[in-house]
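Given chain A, work out where chain B should sit, using these hints.
Protein sequences, first through last, are from chains A and B.
Numbering-wise, the first sequence is residues 652 to 965 according to my numbering.
Numbering-wise, the second sequence is residues 212 to 685 according to my numbering.
Bear in mind the hints are in silico, worked out from the structure with no lab data behind them.
Values in this document were obtained by computation on a predicted structure and should not be read as measured data.
We put the CB at the ideal spot given by N, CA and C, even for glycine.
Do not take every clue at face value.
[What the hints assert, rightly or not] Heads up, simulated DSSO-like pairs for lysine-lysine below, C-alpha to C-alpha not over 30 Å straight-line:
id, chain 1, residue 1, chain 2, residue 2
1, A, Lys768, B, Lys249
2, B, Lys390, A, Lys768
3, B, Lys247, A, Lys768
4, A, Lys768, B, Lys259
5, B, Lys426, A, Lys964
6, A, Lys768, B, Lys248
7, A, Lys728, B, Lys248
[What the hints assert, rightly or not] Far from chain A, some chain B residues (derived; all Cβ distances over 10 Å):
id, residue
8, Phe216
9, Thr236
10, Arg244
11, Pro478
12, Phe542
13, Ala565
14, Gly586
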Amino acid sequence: MLGRTACDLFWMWRYLERSESTARLVDAGFRLTLTRSQNTKKEWMSVLSTLSCTEAYFERHDQIVTDKVVDFLIRDKTNPASIMSMQTRARENARRTRTALTLDLWEAINEAWIELKQICQRPISNAGIPEILALIRRQAAIVCGCMHGTLLRNDIYYFCEIGRLIERSDNTARILNAKYNTLVTTIASGGAPDANSQWDMLLRSLAAERAFYWAHEGESSADLIAHFLILNVEMPRSLAHSYRQLILQLQSINQHYGEDAPASYRLAKAFDDRLRDLTIPAVKKLGLRTFLSGFMPNNAELARQIEIDYRFKA
Amino acid sequence: MENSFFDEMTGFNGDLRTPYREYSTWLDQVDLRTLKKKSRQAEAFFRKTGITFNIYSDEDAEERLIPFDLVPRIISASEWQRLKLGIEQRVRAINSFLHDIYHQQEIIRAGIIPENLIANNDAFLPNMVGFSPPAGVYTHIVGVDLVRTNTDEFYVLEDNARTPSGVSYMLENRETMLKVFPDLFSNIKVQPISDYPALLRKTLGRSAPAATRGKVRVAVLTPGIHNSAYFEHAFLAEQMGAELVEGHDLQIENGRVVMRTTRGYEPIDVIYRRVDDNFLDPLNFNPESQLGVAGIMDVYRSGGVTIANAPGTGIADDKAIYSYMPDIMEFYTGQSAILNNVPTWRCSETDSLAYVLEHLDELVVKEVHGSGGYGMLVGPAASKKEIAVFRKKLMSRPAAYIAQPTLALSTVPILSGSGLAPRHVDLRPFVLVSNDRIDITPGGLTRVAMKKGSLVVNSSQGGGTKDTWVLEGP
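Bound conformation, chain A alone:
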């Protein structure tokens, strides 16, 4: 496979994953503004900072207003982090790697883009927000289903998965980091979260609210949530799960190529080993923010090493 193709596939899935993650984050934020309208501003600020686009937002708008934030995050073409921009780039990568994709997967990505473009021609009304977010999630599910259902399990598939998992780890860490304050106060006080809404938003933006309550039979505490999102390997958006899967995909590539493990594999293995040994008391001792601000650069370093090992660029 061409190094450029591997690069395009890897980034295609990073964009797709980020687009879905943004949609969930907007969804959770929007929900919160409906239920706790006095804090609208604070919630959107937290969403913008999670996505690292606070500055870009204020270059275009003076104030935090729900429909402006939603418009900025979903359809603003001048915002490189908007869902529309993300989908456009994902589709561009898909076009470039057309020969590596199955017809089903290409059509799913292409149709998602066409549909979204159509909708994004007009500003999104408050009433239309839930529908659009639902559509984006549905499209993401179709694209994902086409990938799992139709791609051969060879390097094409593995590079897609690796991009997705790297991005997913990054997103989960970002969301956790943004909710750091709330999490830390409740962890420190050892108490159950009060109004629950912050926790609810956190879980919702990781598509995990039902799963969490199901896994813990209705019990909920800051420690349990932290464990669930960082260390629970059964939770598909937890850091532990993503890294366990990353290791598998990197192993598969090496097997497929019949070659010795390159530096990226050893790096991933070291990070994964660390996660395996980790406990929530240890995270608390270290400080959640310190832990996360160590994790995110490590994740980025792994991505860079993969890029080098598999010759993404000349």
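Relative to the frame of chain A, chain B by itself:
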């Protein structure tokens, strides 16, 4: 009802022609609403599959669909047989001409073609002089543009010997028709075209360079996703099972062209390039080019890689050369041309120029080095002002133009808002050339001017396409 142009379905006199007999019976049983619904289905299919093209002049290069019309252009087996012979003769002559022009230049010595027409021509590549491409093939892929004016009158409008495009539309048009009208194909036997990608792969494989070890490795070289024909590049690579590469994926290593893979650099044997000569090699041609590979011409000349089509083939389809084609064919095949050339005035010649200037409102005037329908004047369709503007351009650089009579291009009905309506068409059959054989896919791409009365079929000027059928049997 009399037609003012030859109609493929009803001729001049309005009587149904034989090739359309079965189709017409079928058509009589379908109502307009159904046809319109099918037409929308076909369009949705094209959009979904991403069969789009970009327009160069558009700033915000949005992808567009080429309009597809679902009434097929139908050719009988015997009509096709004759066309095929004519095309084959023409393509053989083109390859002999290219070999000669880059070696002995006997055709110049024989006084058939003036030397300055070759020596001063940008399409002539001095780098190719004295070099014979692998297996002796210059033009692996050729598209010959034909028009019809009467039952037995076909003209070659131009030869495309560089990087002819459109074959993906030919294939996808048929796929679409098979999907939308399965019942039609079970009743009418149409010669299949689906083996084109496999034949293309074989054709390229037969021209492998001396350096090839083991299985021949083929790659399609594309300028990238913003190129107008990108869809076709990806489509052909996918159908052939070849790599789709861009210039920056490639480099030269130990006298071979190698591509950067996830496991290191691997050699390529045959490159089907969809990049123009000038951009192929920044070391040997345009130094600004980002689309090619520095030094590829040297590797090519030393037998490390095959480039298809060979660089420098443009000298054979140059519009200035076109008017000499009948002589060229006679010179190399010893026979007169089976297919007509359109009578052509070379504006470089004083008498011709005078005639052309006097008859601008009747003629089609083309820029010698233009393509894609840009920079041409269609006299009968132009306003007085447009003609006046063009006259100035022509007078300031007469040698840059040729002129031809406006041909009465045949028509085929299209599905318009109010039912079937005739529109002018041309035909581009696709030819694959190997050292020992020539394969011509039955039919080709029918391009259709969607505007009433228009003679310009180019997709960049709003033209559409149709499926083209060559019937089985007599």
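* Those earlier numbered hints the structure runs against, lowest number first -> 7
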